[in-house]
Structures are given as C-alpha cells and as structure tokens.
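Asker: Work out the full structure, taking the sequences as your base and the hints as a guide.
What follows is each chain in one-letter form.
2 protein chains.
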Amino acid sequence: MSQNSPFYHLEGLLGEDVMFLNATITESFQNSEALIPQVSRYLIGAGGKRVRPYLALGIGKLFHSASPKRFLQAASLEFLHTATLLHDDVVDHSEQRRKQKSSHLVWGNEAAILVGDFLFAKAFSLMVQLENPAVLALLAYTATAIAEGEIVQLHRAHDLSLSDEEYIAMISGKTSILFRAATETAAMLARQDPSVAQQCGEFGLNLGIAFQLADDVLDYDSDQRTLGKNIGDDFLEGKISAPALYSYRQSNTEIRAFWQRAMSGKRQKGDFERALEILTQQNILPQIQQRALDYAEKAIKALDCAVDSPMKTALTHCARFAASRSY
Amino acid sequence: MSQNSPFYHLEGLLGEDVMFLNATITESFQNSEALIPQVSRYLIGAGGKRVRPYLALGIGKLFHSASPKRFLQAASLEFLHTATLLHDDVVDHSEQRRKQKSSHLVWGNEAAILVGDFLFAKAFSLMVQLENPAVLALLAYTATAIAEGEIVQLHRAHDLSLSDEEYIAMISGKTSILFRAATETAAMLARQDPSVAQQCGEFGLNLGIAFQLADDVLDYDSDQRTLGKNIGDDFLEGKISAPALYSYRQSNTEIRAFWQRAMSGKRQKGDFERALEILTQQNILPQIQQRALDYAEKAIKALDCAVDSPMKTALTHCARFAASRSY
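Protein chains in written order, with the numbering used here: chain E, 1 to 327; chain D, 1 to 327.
By construction, these hints were calculated from the structure, which means they are not laboratory data. One or more hints might be untrue.
As the list makes no split between identical chains, a pair holds if one copy fits it or if it spans any two.
To be verified - Computed cross-link-like contacts, SDA-like style, restricted to lysine to any residue with a CA-CA straight-line distance of at most 20 Å:
hint, residue 1, residue 2
1, LYS239, GLY108
2, LYS69, ALA134
3, LYS269, PHE258
4, LYS298, LEU35
5, LYS301, THR280
6, LYS298, GLU254
7, LYS69, SER2
8, LYS69, GLU11
9, LYS239, LEU85
10, LYS239, TRP107
11, LYS49, ARG256
12, LYS301, GLU131
13, LYS69, ALA137
14, LYS239, GLU110
Answerer: Following this line, the structure appears as structure tokens:
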C-alpha cells in the first residue's frame, strides 16, 4: 500500500485493531490442510489491500466500538471477498491478480475452486460466531446477492444495451453490496441505531460503486501501468464495463458496430488500440471519473450521521480516493 | 427412485412433508436469475434422490417434530449438497452425473461454479432463518469441514498408503459429516436432548460411511450398469477409493506396482479390465460390502435412542439399503 494512500492513513488510525485482525485471520487457518493457508496467503497476504475489513474496522472506531466480535466480522469479509476473487479468476480465465500470477494458474483450477469454497464456509463460520441474528441475516443475504450478481454478470457480460441504472445495479450486486454489508454491520456491531447503521451502509455502498467505476476506468487507462491487473482485461474478455457502455451510448452507427463486434469476441488485431482512441476522442474516461466522484460525495454525505473526528476525516479521504485511485 | 427402494417407502411415510420441502425449494429460486433454477433443477429436480433432506425429515417425524423450520433445514442440506456436486464435477472433469450429462458440460464451468456458489450462499441464508444458534454452529462447522475434506482428497487422491482409518476419516470429511449434520440438527430442531441428538448424528454419520463405501464398490462393479455414473470413473481419474486401497494392502509387489502406476495417471489400455480381474481374484468387493454393512448396523444401533415406530423401521431399512444399494 502506498504511503500516500488514505487507506495507509486509515491503517495507522486503526492501530492495534490491525494486529487483532491479522491474528484472527492467521488463527482461522490453524490446523488447516497446508494448501489452504498457502493459497489464501498468496491473495490475502501479499498485495491484498484489505479495503473491506479496514472500512469495517474504521466504522467500528468511528463509533468507539468495544465489541471484540468486530475482528471476526472484518476477517469474514476478507474471506468472502477472497473466495469471490478465487472463483472469479477461474471463471474469467484471468492471468494476473494483484501484480502476481493468478492463483488458479499457480495451483490449478481445482485448488482455486476448493480453497474458495473453504473460505466461503469459513467466512460463514466466523459470521455465526458473531451471535447477532440481524448482522448474520444481512451478511447471508449479501452473500446470496453477490453470487446472484456474478451470474447476472455472466449472463449480460456482453450486453451493450444496458442502461446506466442497470449497470450500476449490476456492479452493486457484484461488488458494492459487500462494501455496504461491511460498513452497515460494523455500525450494527457498534450498537448504533438502525437509521445510523443504514447511513453507514450507504457510505459503503456508494464508496463501493465509486471504487468499481474507478476500476473500470483503470482497465482502459493506458497511462496506468502501476495497476496490478492486465490493462485491457475487460476488453479482451468481452466484458462490458462503464467505458464501453458510455462510448456505445454516445456513438454513431460505425463506432457502435465496432463495440458490438469487439465485445462479441470477434476481435481483430489493433482493436484495443482502436478502443482507446475512441475513448480519448469522446472524452469518456473523465466522464466516468466524474461519475465516480459523485458517488464518493454521496458516500461522504452519508457520514453526516457521525460527529467529526480524525477517523471520519480519514474515511472521507478513502471515499474520494476510491473514486480517483490510480491502482 | 425405484419403488423397491426403502427411500421410496420413507418418502411415503413423510407424506405432506415432501410437498412442503418441494415448496421451500421452489420458493428459494423465485425471482432468481433464470440460469439458477435451470441448473439447480437439472440436478435437484430430475434424478436427485434427496437422501439427506429425507433422512432429516425422517428424524423429525421420528420425534414428532412440529417445527416448520425443518423444511428450511432440509432444503438447505440439499442446496449444500448440490453446490458440492456442481463444484466436484468441475474439479473432477466428470462427464456424467445421475445418468445425465454433467451440468458443467451443459452450461459451462463458469455457470457450474457460480450457481454452486449461489446454492452455498442460499443454503446459509436458509440456515440463518432457522434462528437456532446451536444448529447454525453445527451446520457452519460442517460446511467448513466438507470444504476442507475436499481439499484433503485433492491432496491425497493418489495416495495408496492411506490406512483404513485415514480413508474412513477422508470419506467422513467429504461425505458422511453432511449426513451427520442432517440427522443431528433434525433432532435438535425436534427439541431432543443433546445426547439423543448426538445419537441421531451417529446414525447419519455411519449411514453416510456405508453409503460412500457402497458408492466406491459400484464404481468397480461391472454388473452395475444401472448406476447413473460412469463405471470406472474413480479409476480413470486415478482417485483412490476403498477397492484400490483394499487390494493394494492385500497384494504382492507386482500387483502393488500395477496399482501405483495406474493410480499415478500412467494408464495403459486394458488397465481397468485388469483392475476388475484383480479385485475378483482377491474377492475385494464383498469385503467392502461387508464393511459397509457393519457401518449400517452401527447406524441402526444408534437409533436405540428412539422408541419403535414405522418411521424407525423405515430408517433402519434405509441404512441397510445405503450399504448394499445397486444404484
């Protein structure tokens, strides 16, 4: 994590909480088959930014949470997320993740699928230990919705006719609702009123949407070689994302035909360069960056539910950073 | 299901419970992406024997359970099992399941992985609705142990030096603990004492081991063309199971070398026929069948915790059938 990242600053404010989170993660793998910590650490250990658990712990600190359960909750979020990554990489045939070879290429699809299943199950085991039915219900609902979101994406991955609303719903289902669950359940564990918890959920949800839109931009941003992903991944997989959708909507018949062909898998040499050219001509990426910043501001507005504090400021910076990050 | 099967008789005794189970399963897919009910019904609908939910509902009836939660519990068991099947088929590259083409060959690995994830998550959502912390804890523990069991199997799938105990532990981790969880949590939901619930768990566990040993036999039983699996699947995947282990232990150097070569993937034409020949000469399959029957009797003994009733008799027959089934 770069020292300039607001998440680095957030980590500093979390203090000992980070140590307790690490201990909870490590303990979860004790006595496990050797393959499990190997694969998991490959992802959770190395380049993992731990965005979701840090935001959850941040919300906890914002409300001076004294619940030791918050470390179980934070760890379970990271496990759920990591399980999703493992299965995503198999489904998408990705070659890189967080600047290293994808785990399914290192250990094989079999290990990636089964360790993913283990992390899913472990996430639920930790959630059960929270002994909080309302929190548990929200997390179980979220896990189901994420799985369904992945299937919707599989189904509509090449559909350039998606409206803006449909696209935001799709990325919410896939990505942002885990952010919402992270921050909302953190507030619940900190014994906040339902209305406050819901506002915290709005903070997470909108930050998550900003985060995903920024991710979409990065995949088409040729200046961004710092990203731990292959540039052009979405394009090469024919997976529609905000840049393709925005451009398609603002294009004439010829350019629409280009996107349709390219996204249907009938790609030709030089197509990605052509896509970048179109995006530059139409000034698409700044439009999406602005949209991401709007969601970040919506996230920040939701934090009005908390009194001012260094932690609130840190979370505010994280939201803006999520929208404009370069990695 | 054959009308001679004790499970068919069990289904009859369950009466309306079967209807409520079906309704719970169908409701769970309402408003879901179309792919989810399609893939799930392909497995749950058609050839699915619903062994786990029927045993759970049977235990419920044995103790006159009035809890409407038992349908949620039974459905969640079937979802968890179906999720495992979907992922197993991808991991094992199986071509057939329940006499039909494996779902990953019909819809692709992507759909099999993601619908499996959805069913896992849905299973947990249903479990959460049971609102019973002890039941939930046991089910979450079981799901984690199953995932770990799958990984252990991936790791030791070709290891002919497994002791009998290690092998039983391996199939328990992979298969039988879900049977245990099914019957133990059914008794818990029926408000039975912990000691009675534990006995019911023993019933499920031992029936599950008998079930898996019978499955191992069927895969090498050339007379059994009625089975909805490819005969010789385990052998061709180099996956050790009871027949290979039993034969290996009772063999001279030459036959041991044969098993080692065949199980390490260096197979030659005619190897499966040679394996069948060896098993016949050594009289291996009847030995394993006897072992399966021993576990069935252990299962039946555990039912001493309940007073005699038609349901108890039906469950007894199911245990013996699990050990000696021909499909």
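Asker: Hint by hint, note whether the structure agrees.
Answerer: Now for the hints, and whether the structure bears them out:
1. LYS239 / GLY108: Answer is between: at 17 Å across copies they meet the 20 Å cutoff, but 23 Å inside does not.
2. LYS69 / ALA134: Close inside one copy (14 Å) and across copies (18 Å); limit 20 Å.
3. LYS269 / PHE258: within (13 Å within a copy, 51 Å between copies)
4. LYS298 / LEU35: neither (42 Å within a copy, 34 Å between copies)
5. LYS301 / THR280: neither (32 Å within a copy, 75 Å between copies)
6. LYS298 / GLU254: neither (36 Å within a copy, 73 Å between copies)
7. LYS69 / SER2: Neither: 29 Å inside a copy, 50 Å across copies.
8. LYS69 / GLU11: Classified as within: same-chain Cα gap 19 Å, cross-chain 43 Å, threshold 20 Å.
9. LYS239 / LEU85: For LYS239 and LEU85, only the intra-copy Cα distance (16 Å) is at most 20 Å; the inter-copy one is 28 Å.
10. LYS239 / TRP107: Between copies only: 18 Å across chains, 25 Å inside a chain, cut-off 20 Å.
11. LYS49 / ARG256: Answer is neither: 37 Å inside a copy and 50 Å across each miss the 20 Å cutoff.
12. LYS301 / GLU131: So LYS301 and GLU131 fail the 20 Å test inside a copy (31 Å) and across (35 Å) alike.
13. LYS69 / ALA137: Answer is both: 16 Å inside a copy and 16 Å across each meet the 20 Å cutoff.
14. LYS239 / GLU110: Intra 24 Å, inter 14 Å, cutoff 20 Å: inter-copy only.
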